[in-house]
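Peer 1: Please model the complete structure; the sequences and the hints are all you need to start from.
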Amino acid sequence: MQLFLRLLTLSFLFLCILPASTEHTSNWAVLVSTSRFWFNYRHLANVLSLYRTVKRLGIPDSQIILMLPDDMACNPRNAFPGTVYSNADRAVDLYGDNIEVDYRGYEVTVENFIRLLTDRLDEDVPHSKRLGSDAGSNVLVYMTGHGGDQFLKFQDAEEIGAWDLADAFGQMWEKKRYHELLFMIDTCQANTMYTHFYSPNIVATGSSELDQSSYSHHADNDVGVAVIDRWTYYVLEFLETQVTSANSKLTLGDLFDSYDESKIHSQPGVRWDLFPGGEKEGRLRTLVDFFGNVQNVEVENANATDPGSLQEDLIEITRLVEKWRKRDQEYLTTRSDASNQSSSGTSQSNTESQTLSSYFSQRKNVGPAKMDGENCWQKRLVGVSVLGACAAAWFAGSILGRT
Amino acid sequence: MSSKTSTQRVPPPEKPETTRTRFKVIAAFWAVIIFLGLPIWWKTTSIYRAHLPFQEMVDWADAKSCRPVFPLEIQIAAPSVPDLEAQLLLRTTQHTLDDLNEFSAHHLRLKLAEDGDNTGDIREEVHGKPDTALTVRLVPQDNLPIPRSELNLETTQLDVFYSPNQSPIPSLSNSPLSTFIAGELQRLFSEEKATIAHILSNGHTQLSENISRRLRRSLKYADTYHLAFSLFTPGPAPSSWEVQEAIEGYLSPLLEAFSPISNFTVDTQVQLYATFSPTAPLPEFDESQSAWTLKQEDLSAFVNAAEWPLSPSIGSGPTINFLLYVPDPSQSPMVVKENTATSWIIPQWGGVFLLNPSLSNENPSNPPHLSKDSLRPAFMTFSHQLLTLLGTPTTPTSLPLRLQTLIRIRAATLLLSASSTMGSLARLTESLPSIPIPATVAASVSTTLSHLSAACTHLREGRFSAALDNARVAETEAERSFFEKSMVGQVYFPDEHKVAVYLPLLGPIGVPLVVGLLKEIKRIIKGLKGQ
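Going down the list, the sequences are from chains A and B.
Just so we're aligned, residue 1 is where the first sequence starts under the UniProt record's numbering, counting upward by one.
Just so we're aligned, residue 1 is where the second sequence starts under the UniProt record's numbering, counting upward by one.
No lab work stands behind these hints, which were simulated from the structure alone.
Heads up, a few of these hints could be off.
Unchecked claim - Straight-line Cα separation of at most 30 Å, BS3-like style, residue types lysine-lysine; simulated pairs: (1) B/K220 with A/K176; (2) A/K175 with B/K64; (3) B/K372 with A/K326; (4) B/K220 with A/K175; (5) A/K129 with B/K485; (6) A/K323 with B/K372.
Said to hold, decoys possible - Examples of chain B residues lying across from chain A (beta carbon under 8 Å, computed): (7) R217; (8) Y250; (9) A257; (10) V336; (11) I345; (12) H384; (13) S424; (14) T457; (15) E461.
Unchecked claim - Here are some chain B residues the structure puts well away from chain A; computed CB gaps all over 12 Å: (16) V10; (17) E17; (18) K24; (19) I34; (20) L52; (21) A63; (22) R67; (23) L90; (24) P147; (25) A197; (26) Q271; (27) T319; (28) V514; (29) I524; (30) G530.
Please read all numbers here as calculations on a predicted model, not as lab measurements.
Every residue, glycine too, gets a C-beta built ideally from N, C-alpha and C.
Peer 2: And the structure:
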């Protein structure tokens, strides 16, 4: 009996805690491939496969940041132009006709990646290239490329250290830019990349231990290169075959339990200690918490009459609209009265059309800005004085040199 | 040994002239290194860090600098009551109110109105006078057993009807009328009080389900929202709509009413042949309702996020999407299965409205053009959805009162968020020594702090619109300082990397210079000893 009671209270407590802590209001995904060149085809295919999966589970393009450092679809060596495949059976064209790459080519740099995470971007950078997450957002960060002990190479030219990544996440946490974060990385010695993380609410997982390589899964002989990495392949296999809809109840624990070292050929790692409640709590998070998009749609009951309901609001809005119309008319009639006494008998329809025309006339068309704002004489003066100074220096030099 | 050296040819002794030249050369080299090289190296490798008032910033974040209070001024207009009695009524009501109030930061202050017709407008000008939150008008009415109240829906006025013999009797401290007024006021502002208590405690107080749901739905505050109205239809018709007239007619009054709080821009689009996503569950025909129905749980898949062009990349600031969906004639009318509703809200994103035009029986096709009148239900619903998405509280039924409450709630949120950003920035600069702090950040920080304290003062004195204005500036500046573009931490270099960079550069130059210097010093010491 006591045991039963305890169980009851425990489950009750559980019910109390869970909804409060799992609550997030939006989902974001940052998918990054960091390597260039044709022989790294598989890294772009990794990222594109994951992009397809999160999109299938409901994250809209506006909340996915996709970074592709090279364009494999249009590479001259691609035997299947305009397509990218992650499997030799070539069943699914990952490039498709609906893909939004946010950072491409040489835009994929360490600096841009850090700027993206910390949102230290120029004001004119469009929304689609920004990570607009807030304190209620669950963020998925997936990275793939060539790495080593505590670094990941970007574009064959620079590298991001595990410290930089940890600091970037630290700043995100400090500015409340995520609620929970799932970090996934598929590269050689991947698990070293998340050793320096220090901000809370992060679950990190990587494909291989220190001093281990992360291998590719298989090559497509017609494409001519390996098309996907092993760890990503098996993660995707799980996501594609088990997580079939956005209502799936499978958890992170299920995904991590599916890791099979004999298939992956390296030891994948998971880091739980930053997560409140540790492994026990973290394993219960559903996969769609990170790979799907939360959308608790609220249907408006047309018959409800409690405060703030549709009907109640409609009454108030109608009242406001009526009041506004009346005020407009009064204003117009007083104005026309003042300007022309005889026109006081204008019909109502006339007034209405006047209201409309006054609205339209308020609208201003913005023309192109003129470029002659600069003071050209000032510039000329500066140029002349610089030239003069140079000439003077030359003269002085030649005169002094002669003596 | 010595005999051997004597036989060896010795170089001629150095002339003192050459020694002097060599000394000059070495001195010149070292002078260049010390006076030119070192300062340049120091200057180019050091990181500029402007001074920030850390303590002050942390104090704001820890809510030590300001304790936000919300004194609401409520005027009591009692033209029919003699002055002395009105004073007494005011005092007893105030007393009852103070007894009822549990949350001290938010309290109501009663005041007698000077002249009767002071109906509060939501866009009240600030003249150093506190905003009047509500006017209570006492109206005597005969034959009323108990007092009765009526909230005026167009203004911020509460009419209280009472029978004249209930007027406070001087001997009683707790007359039924004052108890009644206090109770009414308490009830009117209970939701606002709960919300503000929730915000001020950083979300640690429990909220009723209703309020927390509202907070979850509403968007984060921004000073400009983009409203995007889209007409989607799976077929070729309707291909035009009188959207401009509809917005002017049905929506702009609301936007005007919101103008003290936020600005809005409006965009519209028409998308024909917009299909559902291939994985979305299709609507089913329900015989009993004789309508095509969508299950409520499937509504989240209704918006085809992958293919419908609802991208939010319009300027800065959040976009609120409003979708008007006209179903295909073969699937019309379309409703939600559970409650036959035709509209729903997607929290923090926007709203959807299903418009089912009436179809003629012989040739079912959608009308090619939607007139202003046919758009009326849709745009009224959008207005309601906008109110909800912007976080307008639900309870006092009068819209002006709700908007005033929203001003106070927003002011509190912005004040707290700007303060916490200050704290974040202070902690960030202390924890990351390699991050540069440009002077613009210091300027932004000081602007933020001054506006924060101004907002706090305005709040204390009950001028809430002014407080919101200041808090808005503070928030913008705080965000700007935190997200300053040049404050990206330099890429981390471990110490061995630094050695690897400096050694090949400095090694070949450094060795001859150091050896030359040592030799010269040795010679000078020898010379000194010889003297």
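Peer 1: Going through the earlier hints one by one, which of them does the structure break, listed in rising order?
Peer 2: 14, 15, 27
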